[in-house]
Amino acid sequence: MSNYFYVSPEQLIRDRAEFAQKGIARGRSIVAAIYDVGIVMVAENPSASLYKISEIYDRIAFAGVGRYNEFDRLREAGIRWADGTGFTYSRGDVDARALANFYAQHLGDMFTEGQKPLEVEVLVAQLGNQSRETKLYRVAYEGTISDESRFAVLGGDAETIKGRFAAAEDHLEPLSLTLKNAVGALAGPDRTIDVSDLEVGILEDRGNRRTFLRLNDEQVSEYLR
Amino acid sequence: MGLPLFSASEDPGPSFFHFAERTGLTTNALDHSMSSPHATTVIALRYDHGVVMVGDRQATGNYIASRDVRKIEPADRFTALAISGTAARGMEFIRMAQLSFEHYEKMTDSALSLEGKANYLSPIIQRNNLTTPLIVLPLLAGWDLQSATGRIFEYDGAGGCYERFDFATIGSGSPFAESTLRLGFSTDLDLEAALDLGALSIYEAGDNDPSTGGPDFVRNIYPMMVTISVNGFQELTADDVARRFAAINERRTQSGGVAGGSLR
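First to last, the protein sequences are chains A and B.
Mapping of the first sequence onto numbering that gives the first Met the number 0: residues 0 to 224, in sequence order.
Mapping of the second sequence onto numbering that gives the first Met the number 0: residues 0 to 263, in sequence order.
Just so you know, these hints were derived from the structure itself, not from any lab.
Beta carbons: idealized from backbone N, C-alpha and C, even for Gly.
Hints are not guaranteed to be accurate.
[To be verified] Example chain B residues on the side facing chain A (calculated, C-beta under 7 angstroms, incomplete):
hint	residue
1	Leu2
2	Leu4
3	Phe15
4	Phe18
5	Gly23
6	Leu24
7	Leu98
8	His102
9	Lys105
10	Met106
11	Leu144
Let the hints inform the model, and build the full structure from the sequences given.
So this is what it looks like as structure tokens:
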């Protein structure tokens, strides 16, 4: 014998949203910010091998918060999509907006139709060139996509961190200052984050096709000095 | 293309080739009647601090199809890939290899070892060569970061991969290039000697094999010369290459076209 109870769609959505938010809030946040000549992504991550920030393509990077296995699968799908698209057409045809849209569709589908919503938020960052703009696309757990103008914060504590970063920086600064502000916003006034617990990736033109660079602890310390 | 998500049991892993197969990005022609341009002679030889590669620039069908083909390409910073055989398949092969190495690196956050790259190419060559007459035979050379040596890998038609500790040649002019290398090679060549010997071997191939392009002093097109060392893949400048081939040509003119003797 089974009983079916009526649950209103509003209630269903609320429950699912609450479930996803709770999952995401358990992890640490990520700040991504545009600086004068690039994009920096900063995560608080005690693991030195389970990355939250990764290279997707020549000028595109990925960042994810929440459940690692869920966003890592999205990261892999993103690399495959980008390499497959570049192989079929050309490297210049790989666009971050298209990828962000795919993520949004998938997260939206999982939110409404999946067994459970994905407990993740992802960011697709694109370093601009002559034909494309520098962009930060943030995709939330239910598939909402937003195009952030200067910086984006992912994770449970996003609103507070957003406020702190916005107060510290109101226009494009060099990398060292933007990185300092991002770390300060993540840490808040009452604590400091050890360099070994920071994961930092940048997108910047260095004369190579591939613009992504993972900064090691020494490089991060140097910038934060 | 949609977002390529796979379940854990279906996942193609970090291999771009297997992913491309799965999603139909690659195709396999089965036309046995086609005649398509062939790319011709490339050599690789080891010197004391790396590998030198030299390749001619001509693609030949029933006539000369192109005079300025680049048959040696960096597969990544420390690896060079050269092709002989069907030009179209070779170019696709280089693209697939370059992308596969980069794809692996992005997926796993670590670079493939040189031996890993060499082995990875075997089944791709095997599949191509055993299913189509559009044969492609590559040559892989790289700086092995783990052992800090330059290494050369050659392939047979069925995809078998063999490491060569001296030198390797591919393409229609390889008998002539090979002979030159055999007579000139020693295990203690320095960079300059290796470059000169490599250039001479391609000169001989161009001189004897109708499908291999020698130095073209009229159009200023010269064979491609690269080094792979601790500094990665580096291509010699056009002026440097022109100078080396002009010197060989000068000696050959003095000897009245005779290849042997003191002017060699």
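**Report entry** Interface hint status, His102 of chain B versus chain A (Cβ within 7 angstroms)
**Finding:** Holds. Min distance 5 angstroms.
Report task. Answer holds if the nearest beta-carbon of chain A is closer than 7 angstroms to that of Leu4 of chain B; otherwise answer violated. Result -> 5 angstroms, holds
**Report entry** Hint check, Met106 of chain B versus chain A [nearest Cβ-Cβ separation less than 7 angstroms]
**Finding:** 6 angstroms, holds
Query raised in the report: Holds or violated: is there a CB of chain A closer than 7 angstroms to the CB of Leu2 of chain B?
Result: 4 angstroms, holds
Query raised in the report: Going by Cβ atoms only, is Leu24 of chain B closer than 7 angstroms to chain A?
Result: 6 angstroms, holds
Query raised in the report: Would the stated hint for Lys105 of chain B survive a check requiring a Cβ distance to chain A of less than 7 angstroms?
Result: Check passed: Cβ of Lys105 of chain B comes within 5 angstroms of chain A, closer than 7 angstroms.
Query - Restraint check, 7 angstroms cut-off on beta carbons, for Gly23 of chain B near chain A - result: Violated, about 10 angstroms.
Query raised in the report: Taking the closest Cβ pair, is Leu144 of chain B under 7 angstroms from chain A?
Result: 17 angstroms, violated
Query raised in the report: Are Phe18 of chain B and chain A close enough, Cβ to Cβ, to be under 7 angstroms, as the hint says?
Result: Constraint on Phe18 of chain B satisfied, holds at 6 angstroms.
Report task. Answer holds if the nearest beta-carbon of chain A is closer than 7 angstroms to that of Leu98 of chain B; otherwise answer violated. Result -> 6 angstroms, holds
Query raised in the report: Is the interface hint for Phe15 of chain B satisfied, with its Cβ closer than 7 angstroms to some Cβ of chain A?
Result: Holds, because the Cβ-Cβ distance from Phe15 of chain B to chain A comes to roughly 6 angstroms (cut-off 7 angstroms).
Going through the hint list in order, the structure does not satisfy hints 5, 11.
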